[in-house]
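*Asks:* Use these hints to put chain F onto chain Y, whose structure you have.
The residues making up each chain are set out below.
2 protein chains.
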Amino acid sequence: MTTAKPLFNRLALIGTGLIGGSIARAVRTQGAARSIVATSRSAETRKRVAELGFADQVVESNTAAVEGADLVIVSIPVGACGAVAEEIGPHLKPGAIVSDVGSVKGSVLRDMAPHVPAGVHFIPAHPVAGTEHSGPDSGFAELFVNRWCILTPPENADQAAVEKLKSFWIALGANVETMSAEHHDMVLGITSHLPHLIAYTIVGTADELGAVTRSEVLKFSAGGFRDFTRIAASDPTMWRDVFLYNKDAVLEMLGRFNEDLSQLTRAIRSGNGDALFDHFTRTRAIRRGIVEIGQDSAAPDFGRAHPTLPTEPLPRPYAADNE
Amino acid sequence: MTTAKPLFNRLALIGTGLIGGSIARAVRTQGAARSIVATSRSAETRKRVAELGFADQVVESNTAAVEGADLVIVSIPVGACGAVAEEIGPHLKPGAIVSDVGSVKGSVLRDMAPHVPAGVHFIPAHPVAGTEHSGPDSGFAELFVNRWCILTPPENADQAAVEKLKSFWIALGANVETMSAEHHDMVLGITSHLPHLIAYTIVGTADELGAVTRSEVLKFSAGGFRDFTRIAASDPTMWRDVFLYNKDAVLEMLGRFNEDLSQLTRAIRSGNGDALFDHFTRTRAIRRGIVEIGQDSAAPDFGRAHPTLPTEPLPRPYAADNE
Chain Y
1 MTTAKPLFNR LALIGTGLIG GSIARAVRTQ GAARSIVATS RSAETRKRVA ELGFADQVVE
61 SNTAAVEGAD LVIVSIPVGA CGAVAEEIGP HLKPGAIVSD VGSVKGSVLR DMAPHVPAGV
121 HFIPAHPVAG TEHSGPDSGF AELFVNRWCI LTPPENADQA AVEKLKSFWI ALGANVETMS
181 AEHHDMVLGI TSHLPHLIAY TIVGTADELG AVTRSEVLKF SAGGFRDFTR IAASDPTMWR
241 DVFLYNKDAV LEMLGRFNED LSQLTRAIRS GNGDALFDHF TRTRAIRRGI VEIGQDSAAP
301 DFGRAHPTLP TEPLPRPYAA DNE
Chain F
1001 MTTAKPLFNR LALIGTGLIG GSIARAVRTQ GAARSIVATS RSAETRKRVA ELGFADQVVE
1061 SNTAAVEGAD LVIVSIPVGA CGAVAEEIGP HLKPGAIVSD VGSVKGSVLR DMAPHVPAGV
1121 HFIPAHPVAG TEHSGPDSGF AELFVNRWCI LTPPENADQA AVEKLKSFWI ALGANVETMS
1181 AEHHDMVLGI TSHLPHLIAY TIVGTADELG AVTRSEVLKF SAGGFRDFTR IAASDPTMWR
1241 DVFLYNKDAV LEMLGRFNED LSQLTRAIRS GNGDALFDHF TRTRAIRRGI VEIGQDSAAP
1301 DFGRAHPTLP TEPLPRPYAA DNE
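In the order they appear, the protein sequences are chains Y and F.
All letters in the first sequence, in the order written, are residues 1 to 323 by my numbering.
All letters in the second sequence, in the order written, are residues 1001 to 1323 by my numbering.
Since the hints were made in silico from the structure, they are not lab data.
Just so you know, even glycine gets a beta-carbon here, dropped at the ideal spot from N, CA and C.
One or more hints might be untrue.
Beta-carbon label-pair distances, calculated as ranges [said to hold, decoys possible]:
id, chain 1, residue 1, chain 2, residue 2, range
1, Y, Arg110, F, Ala1285, 48 to 58 Å
2, F, Gly1294, Y, Gly95, 46 to 56 Å
3, F, Ala1160, Y, Pro307, 38 to 48 Å
4, F, Asp1278, Y, Gly119, 42 to 52 Å
5, Y, Gly303, F, Ser1270, 40 to 50 Å
6, F, Gly1303, Y, Ser215, 21 to 31 Å
Just a few of them, taken from the derived set where beta-carbon distance is under 7 Å, the chain F residues facing chain Y [to be verified]:
id, residue
7, Ala1129
8, Pro1236
9, Phe1302
10, Arg1304
11, Pro1310
The shape of chain Y in the complex, shown without the other chains (with noise of 0.2 Å):
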């Protein structure tokens, strides 16, 4: 626990899933805000939210959330970010910041912009973070720490809220870059959406076929298949809004990844070693360069956790012959 001051006096967070539960441990945990109040669409998740206690309060509506609030965050899907908005614009505080966590921030500056009032600061933000867990009970309190988030604050922006709005991903660990909103799409298009796409597109392709059972694909997907899964294994309502809602961007990427898949398509059918191995070299480095980075792991295999040998002796029925 730091003892640093509170960098706001009451935080409301609409939405205690995967980002919004690891938001508020984080920030109790560095002390980020003096309180901090929650809501949640559903009943269930504000009881389990209570039971938690990683909110000093549970609200039931999001207008009771951000009555007296400093700083809203909404973190919900970006299809529902709209109505929100326009929920909540009669009840800010003025001088207040509203923000969010969406994974796409052109509909979000498009949705909820029109329904802040004036003298409150709308300053979108995306924390490029998250596990394939979702729900009050996945979050934690370092999810953030030495990831990206990314601001993209309208061009009429007041520079001080900004300003206070980077200090406070700052001290939940993240570092922090602002851009237009436009590039951010395109930008999280290729380095997000279309990997999720392709994920949620190829676990579909192996449960659907009749050659290769279920139980096999499941047994045998060491060899690279689970990594794809655990991304598959995202949130289904998150990702079918960024969808809807990064159409453009996700269409165009995908027109380029078909664009290339059909170059190493053809280098396979037309036995092209030569070109198979050049691009295959040329991705290593990419893996590096992340690594490097910091933002994965250099230990092998994420670093998975790999059981011990078996100790017992097993049952060998064929020795070797002369012992």
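*Replies:* What follows is chain F alone, placed relative to chain Y:
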């Protein structure tokens, strides 16, 4: 170190990379063979293997390695297996078992079998295990624990020899399954080869976008992309050969994948959120299946380590208003 009797007197390893080097380390830990002789095509690798000391003897040629060995395991790219079989064939000890670890089994059977003399047992094998690292330093004794090793014995294989090789892999911690080479190549086509092809493709696509810099791709890779880069960092020679030698099954799986990708693309283009949601819910279940049978970690993010939050008070230029 187990006290069980060794299964083989003399194990010859041709190839000492990730798989060959892991076999040697595991065999020694488990006492599965009395002595290990190893060789590698490159003098530099042989020197390194001698330094690492995971073999009892390092020799300069394949023919010297197999002399007197009762188990020979060829751990090299599948494209090189035929020539090595031709070279060692006349030097194999009668009654010995010859095996391999290749990711393609149809081509290995076709290319190696004709060179294995009568009285020597040829039993192709494929331990479905690995990491993105390669070379003699990358191996470790636990690599095969709780992974599957697939044997694809020819129809006329000696059952006792098959059982003995099975015991060998069980001693190294693996589960063993037997199937035809043809079926193996289809199963691995979907669980390993297609995932690698897709990962190699998307990592290349990301690297060639003019509008998104390489620095941005690396920084924001935690949104999903970094998972693909691990697979796309696998050994280029090995994977070139996999695609050249399992061409038919890979192209077949690729065709299925492309159909499914077109369907999801159409759902995105037409804004069919229900179709996306249903698909994403289905794929989530597959992940659960893999975790349940112990083929991956239940920990979020593959159990990747998350660094702790900064404990030093961070600069907070914009503290809460009323303190």
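*Asks:* So, for every hint listed, does it hold in this structure?
*Replies:* These are the hints, each one checked on the structure:
no., hint, result
1, Arg110(Y) - Ala1285(F): 48 to 58 Å, "violated (34 Å)"
2, Gly1294(F) - Gly95(Y): 46 to 56 Å, "holds (54 Å)"
3, Ala1160(F) - Pro307(Y): 38 to 48 Å, "violated (30 Å)"
4, Asp1278(F) - Gly119(Y): 42 to 52 Å, "holds (43 Å)"
5, Gly303(Y) - Ser1270(F): 40 to 50 Å, "holds (41 Å)"
6, Gly1303(F) - Ser215(Y): 21 to 31 Å, "holds (24 Å)"
7, Ala1129, "holds (6 Å)"
8, Pro1236, "holds (4 Å)"
9, Phe1302, "holds (4 Å)"
10, Arg1304, "holds (5 Å)"
11, Pro1310, "holds (6 Å)"
The structure shown violates the earlier hints numbered 1, 3.
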